[in-house]
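Chemist: Guided by the hints, dock chain Z onto chain D, whose structure is given.
Protein chains: 2
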Amino acid sequence: MSTSHLAQEIAQQPTVIARLLAENSPQVARVAQAIRDFNPTFVAIAARGTSDNAARYAQYAFGVLLGLPVMLAAPSLHTIYQAPPNLARALVIGISQSGQAEDVRRVLQDARQQGALTLAITNYPDSPMAQTAIHHLALLADEEVSIAATKTYTAQLTVLAMLVNALADRPHLRDELSQVPRLVQETLDLSANIADWAERYRYMEKFAVLGRGYNYSTAFEISLKVNELAYIATTAYSEADFRHGPIAMVQTGFPALLIAPQGALLDNMRDLAEKLSERGAERIVISNDPTMLAYGHKVVRVPEVAEWLSPLICVIPGQIFAMHQALTRGYPVDKPRGLSKVTITE
Amino acid sequence: MSTSHLAQEIAQQPTVIARLLAENSPQVARVAQAIRDFNPTFVAIAARGTSDNAARYAQYAFGVLLGLPVMLAAPSLHTIYQAPPNLARALVIGISQSGQAEDVRRVLQDARQQGALTLAITNYPDSPMAQTAIHHLALLADEEVSIAATKTYTAQLTVLAMLVNALADRPHLRDELSQVPRLVQETLDLSANIADWAERYRYMEKFAVLGRGYNYSTAFEISLKVNELAYIATTAYSEADFRHGPIAMVQTGFPALLIAPQGALLDNMRDLAEKLSERGAERIVISNDPTMLAYGHKVVRVPEVAEWLSPLICVIPGQIFAMHQALTRGYPVDKPRGLSKVTITE
Chain D
1 MSTSHLAQEI
11 AQQPTVIARL
21 LAENSPQVAR
31 VAQAIRDFNP
41 TFVAIAARGT
51 SDNAARYAQY
61 AFGVLLGLPV
71 MLAAPSLHTI
81 YQAPPNLARA
91 LVIGISQSGQ
101 AEDVRRVLQD
111 ARQQGALTLA
121 ITNYPDSPMA
131 QTAIHHLALL
141 ADEEVSIAAT
151 KTYTAQLTVL
161 AMLVNALADR
171 PHLRDELSQV
181 PRLVQETLDL
191 SANIADWAER
201 YRYMEKFAVL
211 GRGYNYSTAF
221 EISLKVNELA
231 YIATTAYSEA
241 DFRHGPIAMV
251 QTGFPALLIA
261 PQGALLDNMR
271 DLAEKLSERG
281 AERIVISNDP
291 TMLAYGHKVV
301 RVPEVAEWLS
311 PLICVIPGQI
321 FAMHQALTRG
331 YPVDKPRGLS
341 KVTITE
Chain Z
1 MSTSHLAQEI
11 AQQPTVIARL
21 LAENSPQVAR
31 VAQAIRDFNP
41 TFVAIAARGT
51 SDNAARYAQY
61 AFGVLLGLPV
71 MLAAPSLHTI
81 YQAPPNLARA
91 LVIGISQSGQ
101 AEDVRRVLQD
111 ARQQGALTLA
121 ITNYPDSPMA
131 QTAIHHLALL
141 ADEEVSIAAT
151 KTYTAQLTVL
161 AMLVNALADR
171 PHLRDELSQV
181 PRLVQETLDL
191 SANIADWAER
201 YRYMEKFAVL
211 GRGYNYSTAF
221 EISLKVNELA
231 YIATTAYSEA
241 DFRHGPIAMV
251 QTGFPALLIA
261 PQGALLDNMR
271 DLAEKLSERG
281 AERIVISNDP
291 TMLAYGHKVV
301 RVPEVAEWLS
311 PLICVIPGQI
321 FAMHQALTRG
331 YPVDKPRGLS
341 KVTITE
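Respectively, the protein sequence lines represent chains D and Z. Number 112 in the numbering used here belongs to position 112 of the first sequence; there are no gaps in the numbering. Number 273 in the numbering used here belongs to position 273 of the second sequence; there are no gaps in the numbering.
To be clear, the hints were calculated from the coordinates, so they are not data collected in a lab. This one's a predicted model, so the numbers in the text were calculated from it and none came from an experiment. Among the clues, some could well be false.
Derived DSBU-like pairs: lysine-lysine, alpha-carbon spacing no greater than 35 Å straight-line [said to hold, decoys possible]:
| id | chain 1 | residue 1 | chain 2 | residue 2 |
| --- | --- | --- | --- | --- |
| 1 | D | Lys-275 | Z | Lys-206 |
| 2 | Z | Lys-298 | D | Lys-298 |
| 3 | D | Lys-298 | Z | Lys-341 |
| 4 | Z | Lys-275 | D | Lys-335 |
| 5 | Z | Lys-206 | D | Lys-341 |
| 6 | Z | Lys-335 | D | Lys-206 |
| 7 | D | Lys-341 | Z | Lys-341 |
| 8 | Z | Lys-206 | Z | Lys-275 |
| 9 | Z | Lys-341 | D | Lys-206 |
| 10 | Z | Lys-335 | D | Lys-298 |
Stretch by stretch, here's where chain D covers chain Z in the computed footprint (C-beta under 8 Å, at least three residues) [to be verified]:
| id | region |
| --- | --- |
| 11 | 156 to 166 |
| 12 | 217 to 228 |
For each residue, glycine too, the CB sits at the ideal point set by N, CA and C.
Only chain D is shown next, with the shape it has when bound in the complex:
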């Protein structure tokens, strides 16, 4: 296990985030100034897979801290239907580890032609997406070999958080951001014991991952990791949407993971944990709140962290849980069956 690329890349996350904070600030400041000058009416983000979950994070971070409405673009409008909507007044961001996502690149290209402000966030400054957008912000994550994205996901979140910090210009955000590398390292240490109890879920065939607000993104990302690494039928839900139907499927033993750090959603998540408890659901909890952790059959206690940065922390135990589900089932963690590192869709 310790020699898999996946395990190594998970462990590299504090280093990558620290590097971004140390080296990428001038580039981020330049993009932030361009955004201020452009003064977008809204933000559209195009992405696929893991990168789309980074976009979900931006929906809340840009919304709460900048008052900017964020839409997740529908790339097929640009490719399949060849009917790009009018994005001329938007900041249009394309996110992709490889920078090779052709459908995402097409959104950037159409938007740029319409006069939108375009930004690519990728790990490769020479990539097609980086070349298509007006601006590029690099992930500085070195090569990611494992097919399941981990360090590039938290690097994407970090770049987005740095952009929010540069635009919001509130001193406490900067201080909070500077602590993330240390907090991610602490979280890695606190997640070590997942290996001890991962076998409990060896035969789990379905799995719900629940979060909301900032950690709606985390629910989707952990769900995707478990899905692609351990081949489990996993679905992410917002706490609210789950109550509007899917909660019907919960009965004794139904396994659910709750992502519930301290913050504005804690009461809602605790109430949902109570409902799951009443129905006898199996509960895994990722939290830094003792009253929330009390609901878990298995728990990962994470460090205290400002809510807006909690997705960078809370995703870590999920990555590790997904890896151990693959390991305990005997699946290859670096190359899940049927997947390639770069998936090109149109």
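Modeler: Chain Z in isolation, oriented as in the chain D frame:
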């Protein structure tokens, strides 16, 4: 079965849609004129559960036919975080069967205060949401008693399609729309044989529903119906996103439903069906294309229909499949465990 409210309400859909087309045009024309006058930069739609899937339909119908970018609003920005993003230049639509969704109402309220053009689409003109928005369009669906929404979903799609028709002002759209009640009735008739083969899936514990473009909405809605009625761990994916990870879980016998009517996505969906076939997946196909239907172990052939209206047709067999999964498992179809007709979240 024939006496359940669910079965009756599924059967009422042609009548409800015909009534909307016959009676709601003046109101739709008035709202369309208000939208033209306001000239929104983008559209934000707030909704939960089934209504959120109607919003997903609008993302494509407004995008392809009107060039309007559509975002799905994040209600928690308005309620939990009390940080409403700036929607002043948007058409903001709230969709809810009951009109009582408090979080959706709050989005409308904030948007109206900001100067946005607001529209509620509900079944109750006296509902809180209808009273909060500047404009209201009624679903004219009579009372929906079954907890699982069916006729109000297709009514929501119809109202949105009527709005698109009124704004796009292309004669062929109107003609196509006028045929929907007849096509939905034909689809109901063609779906009758689902009862004969539903038992094949009696022990299915997980299920993927795949669509894209216009029928991304259909995939989500069928997934939700199967989930809430038959308590199966069901997930909807876009054809593109599925290739970016979740396809890893497909092996022999993995059950998937493909929604693939004729239209711009047919080639993509056929290619995905081929991939699923290579991996030995179990395939149910809803389509009006013979080459696509050939991929199905079980199929529902639906009538030919213009692609932009195909979600109104393709969802019908999914509703009926979900009902039969509940029936064959002995679950109450009108009142799934743990659900209420009106779910209020904040």
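Chemist: Taken at face value, is the distance from the CA of Z:Lys-275 to the CA of Z:Lys-206 at most 35 Å?
Modeler: 19 Å, holds
Chemist: Has the given pair, D:Lys-341 with Z:Lys-341, been kept, meaning a C-alpha gap of at most 35 Å?
Modeler: Violated: D:Lys-341 and Z:Lys-341 sit about 44 Å apart, past 35 Å.
Chemist: Quick one, are Z:Lys-206 and D:Lys-341 close enough, alpha carbons at most 35 Å?
Modeler: With a Cα-Cα distance of about 26 Å, the restraint between Z:Lys-206 and D:Lys-341 holds, given a limit of 35 Å.
Chemist: Three residues or more, CB to CB closer than 8 Å: is that satisfied between the region 156 to 166 of chain Z and chain D?
Modeler: Check failed, 0 qualifying residues.
Chemist: Apply the coverage criterion to the region 217 to 228 of chain Z and chain D: a residue qualifies when its Cβ sits closer than 8 Å to a Cβ of the chain, and three qualifying residues are needed.
Modeler: holds (count 3)
Chemist: Sort out whether D:Lys-298 lies within 35 Å of Z:Lys-335, counting only the CA atoms.
Modeler: At roughly 32 Å apart (the allowed maximum being 35 Å), D:Lys-298 and Z:Lys-335 satisfy the hint.
Chemist: Does the alpha-carbon distance linking Z:Lys-335 and D:Lys-206 stay inside the 35 Å limit?
Modeler: This hinted pair holds, its Cα atoms lying about 23 Å apart.
Chemist: With the threshold set at 35 Å, check whether the alpha-carbon distance from D:Lys-298 to Z:Lys-341 stays at or below it.
Modeler: The given pair, whose Cα atoms are some 33 Å apart, holds under the 35 Å limit.
Chemist: Z:Lys-341 and D:Lys-206 were given as a pair; does the straight-line alpha-carbon distance stay at or below 35 Å?
Modeler: Holds. Z:Lys-341 to D:Lys-206 sits at ~26 Å (cutoff 35 Å).
Chemist: When you check the alpha-carbon spacing of Z:Lys-298 and D:Lys-298, does it fall within 35 Å?
Modeler: With a Cα-Cα distance of about 41 Å, the restraint between Z:Lys-298 and D:Lys-298 is violated, given a limit of 35 Å.
Chemist: Does D:Lys-335 sit within 35 Å of Z:Lys-275, going by the straight-line distance between their CA atoms?
Modeler: 18 Å, holds
Chemist: Does the structure keep D:Lys-275 and Z:Lys-206 at a Cα separation of 35 Å or less?
Modeler: Within the cut-off at roughly 23 Å; holds.
Hints 2, 7, 11 from the earlier list are contradicted by this structure; the remaining hints agree with it.
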